[in-house]
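Given the sequences, and given the hints that come with them, work out the whole structure.
Here the protein sequences line up with chains Y and W, keeping their order.
Remember, this note's numbering sits 6 above the position in the first sequence when you count from 1.
Remember, this note's numbering sits 3 above the position in the second sequence when you count from 1.
Worth double-checking, as some hints may not be accurate.
Chain Y side only, calculated, beta carbon under 8 angstroms to chain W, not exhaustive [what the hints assert, rightly or not]:
{"hint": "1", "residue": "Ala18"}
{"hint": "2", "residue": "Met20"}
{"hint": "3", "residue": "Ile23"}
{"hint": "4", "residue": "Pro66"}
{"hint": "5", "residue": "Ser91"}
{"hint": "6", "residue": "Glu92"}
{"hint": "7", "residue": "Gly93"}
{"hint": "8", "residue": "Lys112"}
{"hint": "9", "residue": "Pro113"}
Computed spacing ranges between beta-carbons, pair by pair [stated by the list, open to error]:
{"hint": "10", "chain 1": "Y", "residue 1": "Gly34", "chain 2": "W", "residue 2": "Glu81", "range": "40 to 50 angstroms"}
{"hint": "11", "chain 1": "W", "residue 1": "Glu81", "chain 2": "Y", "residue 2": "Ser45", "range": "30 to 40 angstroms"}
{"hint": "12", "chain 1": "W", "residue 1": "Tyr11", "chain 2": "Y", "residue 2": "Asp35", "range": "44 to 54 angstroms"}
{"hint": "13", "chain 1": "Y", "residue 1": "Ala79", "chain 2": "W", "residue 2": "Ser45", "range": "41 to 51 angstroms"}
{"hint": "14", "chain 1": "Y", "residue 1": "Asp35", "chain 2": "W", "residue 2": "Asp9", "range": "44 to 54 angstroms"}
{"hint": "15", "chain 1": "Y", "residue 1": "Arg10", "chain 2": "W", "residue 2": "Ser28", "range": "22 to 32 angstroms"}
{"hint": "16", "chain 1": "W", "residue 1": "Glu123", "chain 2": "Y", "residue 2": "Ala39", "range": "27 to 37 angstroms"}
{"hint": "17", "chain 1": "Y", "residue 1": "Arg98", "chain 2": "W", "residue 2": "Val133", "range": "25 to 35 angstroms"}
{"hint": "18", "chain 1": "Y", "residue 1": "Ala116", "chain 2": "W", "residue 2": "Asp87", "range": "27 to 37 angstroms"}
{"hint": "19", "chain 1": "W", "residue 1": "Ser14", "chain 2": "Y", "residue 2": "Gly81", "range": "41 to 51 angstroms"}
{"hint": "20", "chain 1": "Y", "residue 1": "Gly32", "chain 2": "W", "residue 2": "Ser28", "range": "10 to 20 angstroms"}
Simulated from the structure, these hints should not be mistaken for laboratory data.
Nothing here was measured: the structure is a model prediction, and the numbers come from that model.
We put the beta carbon where it would ideally sit given N, CA and C, even for glycine.
Residue strings, one per chain:
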Amino acid sequence: MSMRIVVADDSAVMRKIVIRTLRQAGYGDALIAEASDGSELVDIAVNDNPDLCLSDWNMPVMNGIDALRQIRAQGSTVTFGFVTSEGSDAMRQTAEQAGAAFLIVKPFTAEAFQAALGSVNA
Amino acid sequence: MTTTSDVYVPSAQDLTAIAELVWASYVDGDIVVDESGPILDSAFIATVAIGGEWNGHVLIGTNSVAARRIAAQMFAMEDDEVSDAEIGDALGEMANIVGGNVKALMPEPSVLSLPQVALETRAIYMPGAVQKTQVDLRWEGAPVHISVWEGQTSNGGK
Chain Y
7 MSMRIVVADD SAVMRKIVIR TLRQAGYGDA LIAEASDGSE LVDIAVNDNP DLCLSDWNMP
67 VMNGIDALRQ IRAQGSTVTF GFVTSEGSDA MRQTAEQAGA AFLIVKPFTA EAFQAALGSV
127 NA
Chain W
4 MTTTSDVYVP SAQDLTAIAE LVWASYVDGD IVVDESGPIL DSAFIATVAI GGEWNGHVLI
64 GTNSVAARRI AAQMFAMEDD EVSDAEIGDA LGEMANIVGG NVKALMPEPS VLSLPQVALE
124 TRAIYMPGAV QKTQVDLRWE GAPVHISVWE GQTSNGGK
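If you want it as structure tokens, here you go:
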């Protein structure tokens, strides 16, 4: 059964690049859904029960960290990772406390995806 | 609040290193320092604001040909296929990534704004902000300008 991944980013080009990088990292068979803000991400994560959420941090309507908190508050234990242009220690700590498994900083490589996703067996 | 005088200011070398990393990740061809200081007379400009312990802006500017090519390469499309919206999206994302990497050099805590993009503009004014660092680069024959401005942001934060 194919892995189901949700890619959330307000930038269409970044969603495309993340999906391209997932394929390069060996996740070419994954079924991928896209969300353009945190609110859409919450809807998909809660209703469709995907295997993995990859989310930008800074998005309109609802940002990624608030989306993660809502997803957890609604009982979902989906594996969640950030793909963001910011990677400060404070943000990593905030992400971890909210229940994120990893944080990948832009710009990224396929190897960074392999390492992060491999570490959580996603 | 940290005073402006004791804050590290990203150097031209910092901005060049960030640009090299971002360009190498998302588009073909090297981006190099251009000592001649190319002039942008009709620029496509993307900015992000950083607000918090340090307040300022990061700006990227390039010309229409390069902006279109950046978008085309990021979307994996032909140059003549990309729309203005796609150019704005791609250039805004470049500013977001460069801005995020600049933010990492600055005092915490702070937040990064969403990008703003102006297509084909002659000038952009940021009241209260002062340019601290500028680097002029060249990519595929086109000028690429990156600068860091310090000063109160009007839209920093969420």
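Cross-check of the supplied hints:
A hinted interface residue such as Ala18 of chain Y counts as satisfied when its beta carbon comes closer than 8 angstroms to some beta carbon of chain W; here the least separation is about 5 angstroms, so the hint holds. Interface hint at Met20 of chain Y: satisfied, since its Cβ lies 5 angstroms from the closest Cβ of chain W, which is below the 8 angstroms cut-off. Given hint, Ile23 of chain Y at the interface with chain W, holds; its Cβ is 6 angstroms from that chain's nearest Cβ, closer than 8 angstroms. The beta carbon of Pro66 of chain Y is positioned within 8 angstroms of a beta carbon in chain W (closest approach about 6 angstroms), and the interface hint is therefore held.
Hint on Ser91 of chain Y holds. Least Cβ distance to chain W is approximately 3 angstroms, under the 8 angstroms limit. Checking Glu92 of chain Y against chain W by beta carbon gives a least distance of about 4 angstroms; that is within 8 angstroms, so the hint holds. Annotation: interface hint on Gly93 of chain Y holds; nearest CB of chain W at approximately 7 angstroms, less than 8 angstroms. At about 5 angstroms, the closest approach between the beta carbon of Lys112 of chain Y and any beta carbon in chain W falls short of 8 angstroms, and the interface hint on this residue holds.
For Pro113 of chain Y, the interface hint holds, the least distance from its beta-carbon to any beta-carbon of chain W being 3 angstroms, beneath 8 angstroms. Against the hinted window of 40 to 50 angstroms, the Cβ-Cβ separation of Gly34 of chain Y and Glu81 of chain W comes to about 24 angstroms, which falls outside the hint. Our hint of 30 to 40 angstroms for Glu81 of chain W and Ser45 of chain Y holds, since their Cβ atoms are close to 34 angstroms apart. Our hint of 44 to 54 angstroms for Tyr11 of chain W and Asp35 of chain Y holds, since their Cβ atoms are close to 46 angstroms apart.
Checked against the given bound of 41 to 51 angstroms, the beta carbons of Ala79 of chain Y and Ser45 of chain W, roughly 49 angstroms apart, stay inside it. Take Asp35 of chain Y and Asp9 of chain W: their Cβ atoms lie about 53 angstroms apart, and the range 44 to 54 angstroms holds. The supplied range of 22 to 32 angstroms is met by Arg10 of chain Y and Ser28 of chain W, whose beta-carbon atoms lie about 26 angstroms from each other. For the hinted restraint 27 to 37 angstroms between Glu123 of chain W and Ala39 of chain Y, the CB-CB distance of approximately 35 angstroms keeps it satisfied.
At roughly 32 angstroms, the beta carbons of Arg98 of chain Y and Val133 of chain W sit within the given window of 25 to 35 angstroms. For Ala116 of chain Y and Asp87 of chain W, the hinted distance range of 27 to 37 angstroms is satisfied, since their beta carbons lie about 30 angstroms from each other. For the pair Ser14 of chain W and Gly81 of chain Y, the supplied restraint of 41 to 51 angstroms holds, since their beta-carbon distance comes to about 48 angstroms. Take Gly32 of chain Y and Ser28 of chain W: their Cβ atoms lie about 19 angstroms apart, and the range 10 to 20 angstroms holds.
The structure is inconsistent with hint 10 alone, although it conforms to all the rest.
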